[in-house]
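Novice: Make a model of the complete structure from these sequences and hints.
2 protein chains.
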Amino acid sequence: MNQINNNYCVIMAGGIGSRFWPYSRESKPKQFLDFFGTGKSLLQMTIDRFRPIVPIENVFVVTNVSYKQHILEQVPDLKEGQILCEPARRNTAPCIAYATAHIRALCLQRAYGYTKEEQGYTKDGKLKGGSSESHLPNYTDIDWSKPEMQANIVVAASDHLILEEDKFRQTILKAFNFISKNKAIATLGMQPTRPETGYGYIQYLKGTKDEGIYPVKTFTEKPNLEMAKVFLESGDFLWNSGIFIWNLQTISEAFRYLLPEVADRFREGELLMGTDKEEAFIEQMFPKCPNISIDYGIMEKADNVFVIPSSFGWSDLGTWGSLYELSEKDQKGNVSLHSEAHFHEAKGNIVVLEHGKKAIVQGVDDMIIAEQDGALLVCKKAEEQRIKQWVENLSSPLPSKEE
Amino acid sequence: MNQINNNYCVIMAGGIGSRFWPYSRESKPKQFLDFFGTGKSLLQMTIDRFRPIVPIENVFVVTNVSYKQHILEQVPDLKEGQILCEPARRNTAPCIAYATAHIRALCLQRAYGYTKEEQGYTKDGKLKGGSSESHLPNYTDIDWSKPEMQANIVVAASDHLILEEDKFRQTILKAFNFISKNKAIATLGMQPTRPETGYGYIQYLKGTKDEGIYPVKTFTEKPNLEMAKVFLESGDFLWNSGIFIWNLQTISEAFRYLLPEVADRFREGELLMGTDKEEAFIEQMFPKCPNISIDYGIMEKADNVFVIPSSFGWSDLGTWGSLYELSEKDQKGNVSLHSEAHFHEAKGNIVVLEHGKKAIVQGVDDMIIAEQDGALLVCKKAEEQRIKQWVENLSSPLPSKEE
Chain H
1 MNQINNNYCV IMAGGIGSRF WPYSRESKPK QFLDFFGTGK SLLQMTIDRF
51 RPIVPIENVF VVTNVSYKQH ILEQVPDLKE GQILCEPARR NTAPCIAYAT
101 AHIRALCLQR AYGYTKEEQG YTKDGKLKGG SSESHLPNYT DIDWSKPEMQ
151 ANIVVAASDH LILEEDKFRQ TILKAFNFIS KNKAIATLGM QPTRPETGYG
201 YIQYLKGTKD EGIYPVKTFT EKPNLEMAKV FLESGDFLWN SGIFIWNLQT
251 ISEAFRYLLP EVADRFREGE LLMGTDKEEA FIEQMFPKCP NISIDYGIME
301 KADNVFVIPS SFGWSDLGTW GSLYELSEKD QKGNVSLHSE AHFHEAKGNI
351 VVLEHGKKAI VQGVDDMIIA EQDGALLVCK KAEEQRIKQW VENLSSPLPS
401 KEE
Chain C
1 MNQINNNYCV IMAGGIGSRF WPYSRESKPK QFLDFFGTGK SLLQMTIDRF
51 RPIVPIENVF VVTNVSYKQH ILEQVPDLKE GQILCEPARR NTAPCIAYAT
101 AHIRALCLQR AYGYTKEEQG YTKDGKLKGG SSESHLPNYT DIDWSKPEMQ
151 ANIVVAASDH LILEEDKFRQ TILKAFNFIS KNKAIATLGM QPTRPETGYG
201 YIQYLKGTKD EGIYPVKTFT EKPNLEMAKV FLESGDFLWN SGIFIWNLQT
251 ISEAFRYLLP EVADRFREGE LLMGTDKEEA FIEQMFPKCP NISIDYGIME
301 KADNVFVIPS SFGWSDLGTW GSLYELSEKD QKGNVSLHSE AHFHEAKGNI
351 VVLEHGKKAI VQGVDDMIIA EQDGALLVCK KAEEQRIKQW VENLSSPLPS
401 KEE
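Quick mapping for you: the protein sequence lines, in order, are chains H and C.
So the first sequence is residues 1 to 403, counted in our numbering.
So the second sequence is residues 1 to 403, counted in our numbering.
Fair warning: there could be bad hints in the mix.
For identical chains, the list gives no copy identity; a pair is met inside one copy or between any two copies.
[Said to hold, decoys possible] Pairs of lysine-lysine residues, derived as DSSO-like cross-links and limited to a Cα-Cα distance of at most 27 angstroms, are as follows:
no.	residue 1	residue 2
1	K358	K28
2	K357	K28
3	K380	K329
4	K388	K347
Hints in this document: simulated from the structure, not taken from any laboratory.
Specialist: Shown next, in the form of C-alpha cells:
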C-alpha cells in the first residue's frame, strides 16, 4: 500500500475558459463555476475527489495570480503557499515544472536539514522557507532513496468532470502503486465511446504487459471524424485525459533530459524554491520559459510512458457540445441549465442562463443559447469551435460604421 | 382658429405590453420604455407631441393605478388629478367614456357655478371639486353653446410612433377645426404602404366631400394577406390609427345613443365627476362596465364618422416586426437596439438587449432575440403573434415533468 503522506496532487487551474463564453469569462473561468448546479465548482469537485487519497496539505493548485483569491475562498483549507501563481501563461510544461520544483523543495526540506518547525507554512499561510538552505544537497547529490523523497504525484486539470469518483480513485491508487515501483510516467486513457474529434488519442500496445497498464505507442493530435472512426474501431486508441501520474524523481529526470530549456531555468533558483524567495524568483524567471505543452515536451518523447485504460465517466468539459452530451435532455433533446427554458418547435438546443432566469425559445434547432453577466451567445452547436475567435474579436476595437 | 384653451387630449396608457415580452413587461410596459434610445419614453414622446397644440393642463392620461407613479415621474408637469385610473381593464370604450365624463365635469365647473378658486386642482395635485355641485345642471339641461363647453378632444394611444410631428399636429388642428364646426366623429386613417395584416382598415368614400376629410364607409378587422393586398390595391382603404377627434358634445351624445350600457353607468355619478368623490365612484362603478372597444361600440355604429387620410410616418409599434421595419439595419438586414450585437452568418434578425449588453449571434435568420430583466426570448419573427400566448403560459403553473 502507498504511504498516504507521500501522495501529492497538482491541479492546473489557469485556464481562462474562453470556449464557454459568456457563461465562463476571463474574470471567472469555467473551473470556478458551478456547472451542474450541485453547489460546488468544478475546482471544488476536483479537490474533493482527491481528498480520500491525498492529504490536503499535499495539494497544489497552479494558476494565474488573479485567480488566487477565488481559490482560497472556494477551498478555505488550502494555505496561501499551496497556490502556485504563474506570472504568465506558458502552457502545461512550465506549469508542471513549477509544481514539481516546489514539491521537490518541500521534500528536500523534510529529508534534509530543516527542523520540523522550519517546514511548511506560517500561520498566515505563507511559505516558511526557513534559513537552512545550506543543509540542502545540490540536485545531483539528492539521495532519492530517502523515504521523504518518495513522492507520488498526480497531475490533473481543475475543470474536468468525473462521474464515478470511487473508480477514479482506485485507478489513481493503482497508478501510484505502479509508478512507486517503476521509473514510469503513467497517464489515464479513457475508453472511447464515440468517434470524438475534440480529444487527442493515445495508441497503446495491448498485451505486452498485463495488470491493466500498457506501454504507450503514440500520442496523436485531435483527429478528423474519419480518423476518429478508425481509431474507435481499431480498439487500440484511448482518449488522452491529461491526467498524469509519476513519482518525483521520474518527472524531475524527465524534465532534465527531455526539456532542459525549462529545467535549466528552474535549476537557477533550485535553492530558493520552497522558501520565501520562491515567489520573486518565479516572477522574474517564469515568463522566460518557452510556451510548451507537457504532451509535446515530455509525453511524446519519453520512452517510459504507460497508460491505464479507464472508464469512470470522464469529460474534459471542453466545449458546449460536451456539456450538452452530459446533460439531461427533454423529449426533444433540449437542455436547460440553471434556468427555466420553455421550448416550442425547437430541438437539440442547450440553453444556459444565469440562475433563475426564464427563456422562451422557438423555432431553432441544435443551438447554443447562453447568457451571463451582460453577454449573450446564440450560435449553432456545430460552430462552437469558433466561439473563442469571436470573443477575441469582441475585445478588439470595433470597426467604424463606414467600413 | 381654434381657441387653444378648448383643446383637450386623452392619452390611453393602460396597455400591459405583453407582445414585446421580455423587453416590455406588465411591471413596465411598452409606453414607459425608451424604445429608440432617444432618452424619452413613448409616453413622453406622445405628450410632448401634443404640447404645442394642447395646454398641458388639458392633457389626461387614462391608465391602470399601478402605472400612476411611473407617469407622474416621467411627466412631472402632469398633476395627479390628470391621471385617470381605471380600476379594471375594460377596453377602449369605458376608458374613453371615463375621460369624456371627467372633461365634461371640468367644463361644466367652468361654465357653471364654480368660482375660479374652486376649479381645477389643489397644490398637491388632487381635484379640488369644491362644494358647488348644486350649481351644475343635469346632463339634459346643459347649454352646449356656452364657450366653456366647446371642448375639442383628441384621443390617442400612448405607445405609437409618429415621425413627422409637425405634419401630425397640422392634421390634428385640421380635425379640431372640422369637428368644432360639424357634429362629426373624426379619425385619422393612415395611407397604407404595404399589405399589412397587423392593422384594421377603414374604407372611405372618396370625393363625396373634399377638404381632405371623407365619410367613412366601413371599419374592418385585421385582414388576411390576400385581403390586405386587395385593400391596398383598391386605394379606398386606410389603416385604422386609433386616433380620434371629436368635440365634447358629439362624443357625449354618441355614448348616450350608441353605448347606453356604458353611458348609463357614468350617468349615475355624473355630479361626482370632477370632485373629490370621483375616484371612489369610479372604483366601484368602472369594473361593472362591459368590456367593449370604441371601434365596435361607437365608430362602427355612428353615422357621422369621417376620416382624414394622413401620412406622417406612423406606426402602432404593435409588434417586434413593426419595430424591426422601422429600425436601421446592417447590410444583412440585422437590427441591434440598445446593445452591441455581432452577427455571423445571420440575417434579418432583431436583437434587443438591456442597455450596454453584448451579443454574438451566429447561424440564425429572421429571429427576434430579446433579453430584459431576467428573461430571454428567441423566436422567429413570423411567429411573433404567439408571444403573448407563450408569456401567459409562463405565468401558469408549469406542467410536471411526467406529463
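Novice: Now look at each hint and say whether the structure bears it out.
Specialist: Taking the hints in turn, this is what the structure says about them:
1. Taking identical chains as interchangeable, the C-alpha atoms of K358 and K28 lie at most 27 angstroms apart whether they share a chain (23 angstroms) or sit on different chains (17 angstroms).
2. Taking the shortest Cα distances, K357 and K28 sit within 27 angstroms of each other both inside one copy (19 angstroms) and across copies (18 angstroms).
3. With identical chains, the CA atoms of K380 and K329 are at most 27 angstroms apart both within one copy (17 angstroms) and between copies (23 angstroms).
4. Proximity of K388 to K347 under the C-alpha cut-off of 27 angstroms is found in both arrangements, the shortest distances being 24 angstroms within a copy and 22 angstroms between copies.
Taken one by one, the earlier hints all hold for this structure without exception.
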